[in-house]
Amino acid sequence: MACKWVRFAYRFLPLPAWRAFLLDRHIDHCPSCQAEALDDAAIRFLGTTAAALESEPALPSFPAGPRPSPWRRVLRLNYAYGLFLAAVAVGVVVVVSRLAPSAHPPQGIVTVMEYEYDARVFAVLEARIGDEPARPVVFKPGQPGLTIVWFEKAEKLN
Amino acid sequence: MTEEEMIRDARLGDRTAFAGLVSCHEKKLLALCWNMLGDREEARDAAQEALLQAFQNFDRFDDGRSFIKWLLGIGAKRCLDRLRKRRTFLKYFQDYGRERGRPLEAPAMGGPGDGRAGRLLQKLSPRERATISLAVFEDFSAREIAATLGCSENTVRVHLFNARLKLKKEVADGL
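Protein chains in written order, with the numbering used here: chain A, 169 to 326; chain B, 2 to 176.
Source of the hints: derived by calculation from the structure; they are not laboratory data. All figures in this text were calculated on a predicted structure; none of them were measured in a lab. Where a beta carbon is used, it is the ideal one built from N, C-alpha and C, also for glycine. Among these hints, one or two may not hold up.
[Stated by the list, open to error] Here are the simulated PhoX-like pairs of lysine-lysine, each with C-alpha atoms no more than 25 Å apart in a straight line: (1) Lys172/A <-> Lys167/B; (2) Lys172/A <-> Lys170/B; (3) Lys172/A <-> Lys124/B; (4) Lys169/B <-> Lys124/B; (5) Lys86/B <-> Lys167/B; (6) Lys78/B <-> Lys124/B; (7) Lys70/B <-> Lys28/B; (8) Lys167/B <-> Lys92/B; (9) Lys92/B <-> Lys78/B; (10) Lys78/B <-> Lys28/B; (11) Lys124/B <-> Lys29/B; (12) Lys172/A <-> Lys169/B.
[As the list claims (entries may be wrong)] With beta-carbon atoms standing in for the labels, derived distance ranges: (13) Thr3/B <-> Gly259/A: 50 to 58 Å; (14) Val263/A <-> Cys25/B: 52 to 60 Å; (15) Phe252/A <-> Thr3/B: 41 to 49 Å; (16) Ser153/B <-> His194/A: 16 to 24 Å; (17) Arg88/B <-> Ala170/A: 36 to 44 Å.
Work out the full structure: start from the sequences and follow the hints.
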């Protein structure tokens, strides 16, 4: 019974390496299991060997051309490989285009109204970056006489 | 000229050295193909293909390995390809015959031994046949067979054991 279970487990169950090793040992040393399997000497009678084929005519020499260079083999693409490369290339282009800063930033338009009584005072009437509304951001770094005004897209500020 | 010298020269593209190398081992390759395919002419074709493939890929041969085992590994893979194609081919013709009401019988593949004994190996699945041919006739270890066939050592052991059980049963049935 144990041998039958061992043979069943060995043939049909996925086994971890250590258990397969134990079953190997069992099968190699168990007379009952060995009796169920044909031994090497008997199997050799079923096939042929090089010695038995001595009288067989030699294989014809093949018209081998020059051996292809390793580079040529590396560059030989099949369809699957080509499609894979194309997909990777498209992916790289998409990722890079999203991450890299645009070479041509969108045009910005700022309309201001200057007050006649004081040229240093102005009011921002409208600001747009590309097609989107923008808001002025005022930054005073604490240095006397220095105020930095820049514009950002409105959605960025929310 | 020793085998190492022939390998070195063949690696440099010397066809004579490669031919010398092959002539030492081609009978072993032919025997393996014959055991696996069970047909003399097909075995010769497969062996020829394996030699051509070995010549074209000789720069991939690792000096640390045995040349004959590398060559036999290529031969075994060529035979497995042929067995796969043969199965597809036979299935197509059997389906065709069935549609016409005259099912076709698979041609009986004779083995290299005497009539019936030679056919017993052909009762095994292609993988079992490859495993038993490499292990019993060519003394490959389970690890070498696993590397050649691209499977685990456990799988190789199971194929071997299954093949031995099947062959024992076939032999017993024939007695």
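Practice problem: Kindly indicate which numbered hints from before are broken by the structure, ordering the numbers from low to high. | Solution: Violated: none.
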